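S.K.: Modelling step: build the complete structure from the supplied sequences, incorporating the hints.
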Amino acid sequence: GELELMYSQPRQATVRALSDVVSCWVLDRETYRMVMQGISMRKRRMYLDFLKNVGFLQSLTSAERIQLADALQPSVFQSGDYLIQYGEEGQWFHILVEGVVEVIG
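For what it's worth, the numbering used here labels the leading residue of the sequence shown as 1440, then goes sequentially.
Hint data in this document are derived by calculation from the structure and do not stem from the laboratory. As the structure is a prediction and not an experimental result, all values here were calculated from the model. Each residue gets a CB set at the ideal place from its N, CA and C atoms; glycine is no exception.
Pair ranges (Cβ atoms, derived):
no., residue 1, residue 2, range
1, 1483, 1524, 29 to 35 Å
2, 1451, 1482, 23 to 29 Å
3, 1482, 1542, 26 to 32 Å
4, 1515, 1483, 17 to 23 Å
M.R.: Right, here's the structure in full:
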């Protein structure tokens, strides 16, 4: 239902209680929007602070860094997972934020 709240769209589903009691937390549309905008701005600031210290991205303009920060999606890998595999077509650009990786071959 978050998309309907953000974009004032009709609900795409009906939800009905099945148990004797259902407890929920609720937020009105405006509060939800304000909270989400605040989260988005904090995320943007955090990403921009990190990106300005990435050497090869320092030549980007401020507007370009903002555009990049807004497009970034966090991704988490576990020990032993492959971020990239030799020979595969490049689909993703990774910027290592935390942890240690090994480059093989």
